[in-house]
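Protein chains in written order, with numbering that gives the first Met the number 0: chain Z, 0 to 283; chain F, 0 to 179; chain Y, 0 to 266.
Check before you lean on any hint, since a few could be wrong.
Stretch by stretch, here's where chain F covers chain Y in the computed footprint (C-beta under 8 Å, at least three residues) [to be verified]: (1) 45-58; (2) 119-127; (3) 196-202.
Honestly, the hints are just simulated from the structure, not real lab data.
Backbone N, C-alpha and C fix where the C-beta goes; we use that ideal spot for every residue, glycine too.
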Amino acid sequence: MSTPSPPGAAAQDDARNPEALVEVDHVVFGYEGSPRIILDDVSMDFGRGKVTAILGGSGSGKTTLLRLIGGVHALGSGSIRFDGELVDRSDPERLFALRRRLGMLFQFGALFTDLSVFENVAFPIREHTELPEDLVHDLVLMKLNAVGLRGARSLAPSELSGGMARRVALARAIALDPMLVMYDEPFAGLDPISLGVVGQLIRKLNDALGITSVVVTHDIYESLKIVDYIYFVAEGRIVAQGTPEDVRASTDPFVRQFVDGEPDGPVPFHYPAKALSREFARAI
Amino acid sequence: MNRSTIDLWVGIFVVIGIAAIGFLSLKVGNLTSVSSAPGYHLEASFDNIGGLKMRAPIKAAGVVVGRVERIDLDPQTYQARVSMRIDRGYQFTRDTIASILTSGLLGEVYIGLDVGGDTQMLADGGKIAKTQSAMVLEKLIGQFLFDKAASGPPAPMSGNAAPGAAKPAAAASVAGGATK
Amino acid sequence: MRSEVVTWALRRIGERTLNSVERMGFAARFSLAVLAHSPAALRRLQLTLREIYFAGVLSLVIILVSGLFVGMVLALQGYDALTRYGANESLGILVALSLVRELGPVVAGLLFASRAGSAITAEIGLMKTTEQLSAMEMMAVDPLARVVAPRFFGGVVSMPLLAALFSTLGIFGAYLVGVRLIGIDAGAFWGNMQAAVDFRYDIVNGIVKSVVFGIAVSLIAVFEGYNARPTAEGVSSATTRTVVASSLSILALDFVLTVFMFRGIGV
Numbered sequence: 000m001s002t003p004s005p006p007g008a009a010a011q012d013d014a015r016n017p018e019a020l021v022e023v024d025h026v027v028f029g030y031e032g033s034p035r036i037i038l039d040d041v042s043m044d045f046g047r048g049k050v051t052a053i054l055g056g057s058g059s060g061k062t063t064l065l066r067l068i069g070g071v072h073a074l075g076s077g078s079i080r081f082d083g084e085l086v087d088r089s090d091p092e093r094l095f096a097l098r099r100r101l102g103m104l105f106q107f108g109a110l111f112t113d114l115s116v117f118e119n120v121a122f123p124i125r126e127h128t129e130l131p132e133d134l135v136h137d138l139v140l141m142k143l144n145a146v147g148l149r150g151a152r153s154l155a156p157s158e159l160s161g162g163m164a165r166r167v168a169l170a171r172a173i174a175l176d177p178m179l180v181m182y183d184e185p186f187a188g189l190d191p192i193s194l195g196v197v198g199q200l201i202r203k204l205n206d207a208l209g210i211t212s213v214v215v216t217h218d219i220y221e222s223l224k225i226v227d228y229i230y231f232v233a234e235g236r237i238v239a240q241g242t243p244e245d246v247r248a249s250t251d252p253f254v255r256q257f258v259d260g261e262p263d264g265p266v267p268f269h270y271p272a273k274a275l276s277r278e279f280a281r282a283i
Numbered sequence: 000m001n002r003s004t005i006d007l008w009v010g011i012f013v014v015i016g017i018a019a020i021g022f023l024s025l026k027v028g029n030l031t032s033v034s035s036a037p038g039y040h041l042e043a044s045f046d047n048i049g050g051l052k053m054r055a056p057i058k059a060a061g062v063v064v065g066r067v068e069r070i071d072l073d074p075q076t077y078q079a080r081v082s083m084r085i086d087r088g089y090q091f092t093r094d095t096i097a098s099i100l101t102s103g104l105l106g107e108v109y110i111g112l113d114v115g116g117d118t119q120m121l122a123d124g125g126k127i128a129k130t131q132s133a134m135v136l137e138k139l140i141g142q143f144l145f146d147k148a149a150s151g152p153p154a155p156m157s158g159n160a161a162p163g164a165a166k167p168a169a170a171a172s173v174a175g176g177a178t179k
Numbered sequence: 000m001r002s003e004v005v006t007w008a009l010r011r012i013g014e015r016t017l018n019s020v021e022r023m024g025f026a027a028r029f030s031l032a033v034l035a036h037s038p039a040a041l042r043r044l045q046l047t048l049r050e051i052y053f054a055g056v057l058s059l060v061i062i063l064v065s066g067l068f069v070g071m072v073l074a075l076q077g078y079d080a081l082t083r084y085g086a087n088e089s090l091g092i093l094v095a096l097s098l099v100r101e102l103g104p105v106v107a108g109l110l111f112a113s114r115a116g117s118a119i120t121a122e123i124g125l126m127k128t129t130e131q132l133s134a135m136e137m138m139a140v141d142p143l144a145r146v147v148a149p150r151f152f153g154g155v156v157s158m159p160l161l162a163a164l165f166s167t168l169g170i171f172g173a174y175l176v177g178v179r180l181i182g183i184d185a186g187a188f189w190g191n192m193q194a195a196v197d198f199r200y201d202i203v204n205g206i207v208k209s210v211v212f213g214i215a216v217s218l219i220a221v222f223e224g225y226n227a228r229p230t231a232e233g234v235s236s237a238t239t240r241t242v243v244a245s246s247l248s249i250l251a252l253d254f255v256l257t258v259f260m261f262r263g264i265g266v
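Pulled out of the complex, with its shape left as it was, chain Z reads as follows:
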């Protein structure tokens, strides 16, 4: 299943791929002070203008990948390029410029609890531009309108439901019209209606604004509906990748276990333990 290449990707070992906005190249990463390797020789391309999903179980390193693209941690080895430029933590100015061109939707929203909905969305605009207040006002309302929450502008984050908070965070993520928007578990814990709303927003905004989207999730159902390409990650490695059609038709045991929701398969049901017979054996 992994033979069809991601849309617009050249051969895997090419240093630059103009059709990919973000290129992750043989990245190895583990947190400082911990021997555990989170990402083990991971290579991915995220095509421009496409919605790419990263699927995997909890703790497989998906969220870490997003943080590495944002330059939050230094890489163990390998490289990440954003729009052709290396993501380099040692150059704060370049990092600053890079971060202005990306938006991130954190799990559960991560709205600033001491600011109202309006001020949350206005935050990046006020921090990074010198626009006059009435222009900021109009921009914020437009972004809120895009996610359907223009009327909620004066509410405090604590007064929002999960789905609404997620949508406000989305409006905040696109406030500066970024080139890349990263979504960290946007579907986690939502009711079916909100699920549908968020999924549709991700797709529509991606196409309407011409941005590139990366969605980290374990919701296979929603992903199949809206994305252009899928990477499957388990234990820090890419185990499978393809378009939604490839995934549906795939015979790869991991993909099948994931898609069908089988309790046991390549990802085992039992946590490693000694054999059952030995557990309950008693000396007679």
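Since the structure of chain Z is provided, determine the placement of chains F and Y on it from the hints.
Then chains F and Y, alone, in the frame of chain Z:
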């Protein structure tokens, strides 16, 4: 909680905080008396200063006119040299007597100035010629016992005058006087 | 085997010591970073004002009430002790010096640490747990400049004001008890006090103490919050650590400062 309310409360807080500092400085402390009157210096030597400390008050007729600035021992005469800062408004005669007194029985030790009748005044840097040392309790008791034992005229102790009465006598210690 | 236990113990001690030293080095770097962001905090005056409100204004009630009661108790106990020496007119001096030199900065500092310090730690820790700090970082806004530094300066500015208010209310409480209740002469009360309390020596030193305490408490509070483990227990243990470490620092610094400032005592 909007901006203007916060600003208002912060303003109130800062104002009453500074007012508290001001109250403490002026009403509780002695800020006014420290910063106001400029002063001049006088010196005096004593055989024994007793419990006189730095910043002890200098009083004339019970009114505070200055503070003790420095206390050290004269290496030649082995007397205590006291440097005093006197407020500029007050002038003292050349024959002023400086005595070391205690306010009350257990009170603080201070220098009392008794003005004489001389026509000339002491200027900045002047030295008070006539001084009265502190009453040291042990010497007093020793003197008393010695008097009792000898039952004769008391042998005068070198250089030291030890009056038993509350009013200080005009015994002066040997000291040069700077005439200006 | 005995030797195994000994080596194990030595290794644990070594580990702990190295960890503490590392942590102190980290804390020092963090403190320098916070101070380096001070111009940024001053430019965002509105943020700092907001933090002065939350740290200072909201501590007013506990500070004023405590100050009043401390002053009143001081007057009661002080009067009892001073009457034995016939020195009850020195009550004003006793109360004023105790408050301005020691009790004002120290007790106000301890109260500030428990109320405002723990709140600051909890707030920053919670922001870390809900990924608000990461979100800020990803939006290319330095959380040190926007979240940490204003809270630090809010604390540093509030502390001396609170200590002064504590001392003032204490003296007022002592006045109520001493003059109004017990019947000491008001003139003697204030007059003796004013003669004995020196601006430079007592009041300025008291203010210096409260500024030092403010810096210590605020630094500890923001440090613990920023480095809390992003879980519920992480935040709660960070809050506890703030209160304990701040209190111990205040008392230790008080000793050191008192030795240097009030060397004239008894001389």
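A quick look at each hint next to the structure:
1. With 7 residues bearing a CB less than 8 Å from a CB of chain F, the stretch 45-58 of chain Y meets the requirement of three and the coverage assertion stands.
2. For the stretch 119-127 of chain Y, the stated coverage by chain F is violated: 0 residues have a C-beta nearer than 8 Å to a C-beta of that chain, whereas at least 3 were required.
3. With a cut-off of 8 Å between beta carbons, the stretch 196-202 of chain Y has 7 residues touching chain F; three or more are needed, and the interface restraint holds.
Going down the numbered hints, you'll see the structure goes against just number 2.
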